[in-house]
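Engineer: Now for the letters of each chain:
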Amino acid sequence: MITITDLFKNFGEYPVLKGVNITINKGEVLVIIGQSGCGKSVLLKHIIGILKPDKGKIEVQGKDIAKFNESQLNEVRKKFGMLFQGAALFDSLTVRENVGFFLDEHTKLDKQTISKIVAEKLKLVGLPGVENLMPFALSGGMRKRVGLARAIAMDPEIILYDEPTTGIDPIMATAINELIRELQAKLSLTSIVVTHDMVSAYYVADRIAMLDDGKIIEIGTPEEIRKTTNPIVKQFITGKSTNN
Amino acid sequence: MKKRIYYFFQEIGGMSLFLPQIILQIFKPPFKPKYLTNQLVQIGVNTLPIVSIMALFVGMVLAYLAYLQFKIVALEVYTGSLVSACMVMELGPVLTAIIVAGRIGASTAAEIGSMKVTEQIDALSTLAVNPIKYLAAPRFLAAIIMLPVLTIFADVIGIFGGYIVGVWQFGIRHRIYMNKSVDFLAADDIICGLIKTMFFGAMIILVSCYKGFTTSGGAEGVGKATTSAVVVSIVLILVMDYFLTIVLF
Ligand SMILES: Nc1ncnc2c1ncn2[C@@H]1O[C@H](COP(=O)(O)OP(=O)(O)OP(=O)(O)O)[C@@H](O)[C@H]1O
Ligand SMILES: [Mg+2]
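Chains A and B, in that order, are what the protein sequence lines are.
If you count the first sequence from 1, you need to add 39 to reach our numbering.
If you count the second sequence from 1, you need to add 1319 to reach our numbering.
No lab work stands behind these hints, which were simulated from the structure alone.
Accuracy of the hints is not assured; some may be wrong.
In silico contact screen, one side only, chain B against chain A (beta carbon under 7 Å); selected entries [to be verified]:
(1) E1438
(2) S1444
(3) T1445
(4) G1490
(5) L1513
Derived lysine-lysine pairs resembling PhoX-like cross-links, with alpha carbons at most 25 Å apart [what the hints assert, rightly or not]:
(6) K57(A) / K106(A)
(7) K1543(B) / K117(A)
(8) K1321(B) / K118(A)
(9) K118(A) / K102(A)
Have a look at the derived ranges for each label pair, beta carbon to beta carbon [stated by the list, open to error]:
(10) G1536(B) / G66(A): 33 to 43 Å
(11) L1557(B) / M173(A): 56 to 66 Å
(12) I1331(B) / N269(A): 48 to 58 Å
Model, not experiment: these values are computed from the prediction.
Note that CB positions come from ideal geometry on N, CA and C, so glycine has one too.
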């Protein structure tokens, strides 16, 4: 489905991605873990084409999107949903307009139909009835969930989640984990989940990949990752600091 | 110093590359009139009150000062001519543009800048919407349409302000004041004044959108972008005014 080959990215002089190689299969949930600042969000932004690689290939359904122009990219992006780490809700629009944004822009559905779909998606993320609120009136966790509703509003084939459970209470986090699995099971979506939350990672993942120092250093099923011999991975998943 | 010169040319280069992108997006379907009307209201209707107040008082002050000067040489009947010529050719267009730079330039740079630093611009892209088309194109078009309209209001209200002072305060006869106001007004002057404002409007939106889209560095960055959008716009209005005046009049 998605194949990334030798992806390099620098910001100025500062290298972030130093040769990422990874394949994401159709219908799987791939979780990417890694330390804060290691480039997980940057990697996601490459997959949806809002960052261009310095070097390397990003093939989505067999085509290298790194070479695409704006309108070709937009066609590919219509298959993607993305939840941003900071939710990135449009703050001049209501929750309804945020969640219905894609449908309003790219489909000919009428207002009632869009409202109905928006209500449905908001219910899925556990926030029924907030349609008329503005984003500033939402808590951090609520924003995240509205962002999630926006990402799934157009029933994408591929969803990118940037830390879906960060800043959300444990009960709601479980609900979101279940939602990720459910979407995958029902619609056989392909999902890429970036997270620090190992509970969530083990719950949702078909495979887990660890990004460290600009490279994927380990990839495997949750079972394999749990039994890893790689000291960096072991340290990360058990949460032990090297200082003590 | 070297860095500043480099920065200066970088900005000029950036803006001149940005302009064709906006123009391209204006002509590229799909067209969404909804976004244009929103901006027409923002730039036109919502700016009208402040433009009116500015024009009224500028017209009044002009008439007052002109009257005092003309009186010395016993030509006070020409007060109206001076007010209308100044308003139509110079003050109406330039002051309106400066007010729009302050009001719309600032809000545009701040809004787009904060969308940039909170990844809303990226979010637009992921939703397959071109951010320049969505944010810059309607503003650009609306400014080109609305600046002349605002300026017409400013011209008329300014002339009325002069009338209040000339006729009601100093007692120049109504008919004489009106005749002298109109006598020296050529349609060409009015139109050239309005054409100037289209350039001002386009430039204000170009500068403020560019500043917004290139914002970095959180809330502080948004503040800087906003300030520099307004400062650069106002300076450019004054510089452009001189050259446009030479070309047009
Ligand atoms: N637009 C940018 N310009 C310059 N540097 C950037 C930019 N985006 C990211 N970086 C840098 O790239 C590195 C990786 O950032 P990224 O946001 O991908 O981290 P992350 O792995 O998602 O971390 P976290 O878990 O904290 O979200 C950081 O050091 C960051 O400073
Ligand atoms: Mg991140």
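Engineer: Work down the list of hints and note, for each, if the structure agrees.
Structural biologist: Status of the hints after comparison with the structure:
no. : hint                           : result
1   : E1438                          : holds (4 Å)
2   : S1444                          : holds (5 Å)
3   : T1445                          : holds (4 Å)
4   : G1490                          : violated (52 Å)
5   : L1513                          : violated (31 Å)
6   : K57(A) / K106(A)               : holds (19 Å)
7   : K1543(B) / K117(A)             : violated (35 Å)
8   : K1321(B) / K118(A)             : violated (47 Å)
9   : K118(A) / K102(A)              : holds (14 Å)
10  : G1536(B) / G66(A): 33 to 43 Å  : holds (41 Å)
11  : L1557(B) / M173(A): 56 to 66 Å : violated (38 Å)
12  : I1331(B) / N269(A): 48 to 58 Å : holds (51 Å)
In the structure shown, a violation is registered for the earlier hints numbered 4, 5, 7, 8 and 11, in ascending order.
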